[in-house]
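Colleague: What follows is the residue order along each chain.
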Amino acid sequence: MSEQDSAYPESEERAQEKLQLIDTLKAPVIQMGRDLGYEVVENHDLGAGPVHVAWVFKPGSESLPDMRLGFICLTEFSGSSINEGIARAMLNLVDKLVFVVPTEKMTGQVKDAIESMPDKSILQLRKYVTVLTPSTLVSKTGVQGSRERRSAQTGEAV
Amino acid sequence: MNRIVEAGKDKGFEIVQGIDYGAGPIDVVWSINVHQALPDIRCGFIALRSEEGGSHDTEDNQLSLRKIEEAAIRGIRSGMDKTYLIAENEEMARSVSGKIEWLASHGSLLRLDAVSLGLSQDQTEPAVITPSQKRVPQGEKLRKKAMREREAKLERHNRPKRVRRRRENPLRKTLRESRIDRNSRPKDQKPKRF
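The listed protein sequences correspond, in order, to chains A and B. Residue numbering for the first sequence follows this note's numbering, beginning at 918 and increasing consecutively. Residue numbering for the second sequence follows this note's numbering, beginning at 23 and increasing consecutively.
Derived from the structure by calculation, the hints contain no laboratory data. Bear in mind the structure is a predicted one, so any value in this text is a computation, not a measurement.
Only pairs whose alpha carbons sit at most 30 Å apart, straight line, appear in this in silico DSS-like list of lysine-lysine: (1) A:K1013 / B:K104; (2) A:K1044 / B:K104; (3) B:K104 / A:K1028; (4) A:K1037 / B:K31.
Please construct the entire structure, taking both the sequences and the accompanying hints into account.
Modeller: Written as structure tokens, this is what we have:
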């Protein structure tokens, strides 16, 4: 009994820490979405569980449907948390998913887990999921990709 | 899980138990060879347990959406063509299937209900939920029909013999019903429209 009593606050403390870490990871994503002029939805949920942040934007024409870019923050690496994140994103009608992780090391782990297609899964997740840290997201803003640079120089349509 | 393993063996399928392809453990896999020229169809069975260490998840014979979603995606990521989620009893299995149907109803690209289904360990009846539109014949209101039949029977038996059924004047009937309605409804409630 005493063991249980001591274990309970510890797990609650851990849960609090996780929530705090999620808030820390979310903050730059929310800020950047607002700065870029997107509609930012926190805890986007159609019933399958919350997607921490969603950027909603119109792709140029009123007749086209809104696009949703979903961000799910992972506090620790585990197969089940990746599965759960993918399920939430797909079932909440998110068009592209970004996993936001605290460290570069974890970026590699999650990427490897997603890109290794163990047994010909019907889902091509490498085209659906991106993994990054908040610092990568911030630092790469405004930096053009090589293809974009080339098209700007030569004027070719991509 | 032994029953599923035995059932698979009886049907001559290739069975793999307790395997992890990288996305999490799958309890049993049936590889079904339908034709030599075609690839095997792989059915994965995942037991849903209350891993949290308490009875919270299964208290009211229901498993959380989180657990169901996770297990279904685990099966898909592991390359299963179908993923069957094994619950403790039939009621729980029905609830799992219902939740899968509900999750699929939002219109996701992934038709979760096409690839996964809830089953119980000792499932004997078909596990596929038949929608009410198919269960009840089209346009037939069974409950109201039964009520009308019962009322007609009561009326027939309560009437004295050789007394014909008196047809009430429609105007009088409307007036009587409107009075009943006026006197039986609460003051702040709007009157019923005929």
